[in-house]
Amino acid sequence: YGIFSGKKKIGGEEEIDVFKSVGLPYIPPELRENRGEIEAAKEGRLPVLVECADIKGDLHIHSKYSDGENTIEEIVRKAKQMGYEYVGIVDHSRSMRFAGGLSISDLKKKINEIRRLNEKIKDITILAGAEVDIKVDGSLDYPDEILKELDIVIAAIHSGFKMDQEKMTERIIKGIENEYVHILAHPTGRLIGKRDPYRVDVERLIMAAAKRGIMLEINAYPERLDLPDIYCRRAKDEGIIMVISTDAHHLDQMRFMKFGVGVARRGWLEKKNILNTFSLKELFKKLKRI
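Final position of the sequence shown in this note's numbering is 296; the numbers increase by one with none missing.
No lab work stands behind these hints, which were simulated from the structure alone.
These numbers were taken from a predicted model, which means no experiment stands behind them.
Keep in mind that a hint or two might mislead.
The calculated SDA-like cross-link candidates involving lysine to any residue, where the alpha carbons are at most 20 Å apart (straight line), are [unchecked claim]:
#1 K86 x L123
#2 K277 x I236
#3 K242 x K86
What follows is a set of in silico ranges between Cβ atoms, one per label pair, in the way DEER data are often shown [claimed, not checked]:
#4 V54 x G8: 26 to 32 Å
#5 V54 x T77: 46 to 52 Å
#6 E183 x P31: 39 to 45 Å
#7 S145 x E39: 35 to 41 Å
#8 D73 x N40: 39 to 45 Å
#9 D243 x R122: 23 to 29 Å
#10 P228 x E183: 28 to 34 Å
#11 S145 x N118: 23 to 29 Å
#12 E75 x D243: 36 to 42 Å
#13 K126 x I236: 39 to 45 Å
Every residue, glycine too, gets a C-beta built ideally from N, C-alpha and C.
Could you put the whole structure together from the sequences, leaning on the hints where they help?
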């Protein structure tokens with residue numbers, strides 16, 4: 007077997023031989039979906055896809071403060087073992103009572119603990135964050151005077167899934183227009199095999215995020231894989247920076263990062279398109295855009 011020109015074998019030992027035989031550079035498997043990859047290869051425009059080795063941190067991890075199973079110190083220890091430079095401890099906001107949502111006083115307690123740990127622990131930086139609910143009216147679950155104390159603010163929908171498309175879209179756009187929001191989590195809300203995406207105009211969301219400078223999450227949790235790859239590519243086209251996060255609730259789930267990287271690769275994303283490939287200095291510069 008192999009690749010033949012007449013009876014002469016011209017390749018076949020390696021996959022790359024197939025591409026060489028038709029005058030193309032190697033096309034990564036994730037791009038082989040007839041979405042312009044042949045033309046891009048011919049014209050030398052194939053992206054250099056992001057890899058797991060490029061990831062410098064995980065910015066969406068839940069701790070015991072809400073519905074996570076581990077202490078902040080345990081999470082940080084695991085992050086260091088994974089070679090990360092930074093980690094975001096992002097717990098649920100107060101309206102998420104069923105998931106241990108934090109009161110304002112508990113959130114302040116968590117922030118203070120993180121500040122103390124950053125003085126104590128070397129070689130990694132801990133970001134104090136919150137996954138803040140966008141309420142039905144589009145307002146956020148914490149007031150601005152609390153949000154501004156956080157290193158990272160991730161807005162999310164966790165209720166009111168049955169709103170019609172227009173209202174849901176307006177709700178999310180209003181939420182991400184808050185000056186302290188950095189990232190929109192799991193933008194379509196899907197749970198694979200369990201819940202359809204909520205009715206939302208994703209194209210409008212992408213345009214609103216691009217206008218506002220909001221980053222969109224690729225949630226690597228296997229049931230989510232959200233934002234889906236086709237929208238990742240659209241977001242890239244609009245200049246949006248993405249964030250690959252595990253949404254881990256216990257240490258073993260931090261390994262889910264590879265699934266998010268897979269989605270990003272299918273979406274034609276490169277290292278420069280992913281926030282958590284940035285150095286710590288670049289990361290803080292981006293987060294302080296406000």
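Here is what the structure says about each hint:
Only pairs whose Cα atoms come within 20 Å are accepted, and K86 paired with L123 is accepted, the gap being roughly 14 Å. Between K277 and I236, the direct Cα distance comes to roughly 18 Å. Compliance with the 20 Å bound is thereby established for this hinted pair. Distance restraint check for K242 and K86: the Cα-Cα separation of roughly 30 Å exceeds the 20 Å cut-off, and the hinted pair is therefore not satisfied. Between V54 and G8 the Cβ separation comes to about 29 Å, which falls inside the hinted range of 26 to 32 Å.
Distance hint for V54 and T77: a CB-CB separation of about 38 Å, inconsistent with the stated range 46 to 52 Å. Taking the beta carbon of each, E183 and P31 are about 42 Å apart, inside 39 to 45 Å as hinted. Range check, S145 to E39: about 40 Å between beta-carbon atoms, so the 35 to 41 Å window is met. Remark: the range hint 39 to 45 Å for D73 to N40 is upheld by a beta-carbon distance near 41 Å.
At about 43 Å, the beta-carbon gap between D243 and R122 misses the expected band of 23 to 29 Å. Hint check: P228 to E183, Cβ distance near 31 Å, so the stated range 28 to 34 Å holds. Taken as a hint, the range 23 to 29 Å holds for the pair S145 and N118, whose Cβ atoms sit roughly 26 Å apart. Here the CB-CB span from E75 to D243 is close to 38 Å, well matched to the stated 36 to 42 Å.
Distance hint check: the CB atoms of K126 and I236 are about 44 Å apart, consistent with the given range 39 to 45 Å.
Violated hints, listed in ascending order, are 3, 5 and 9; each of the other numbered hints is respected by the structure.
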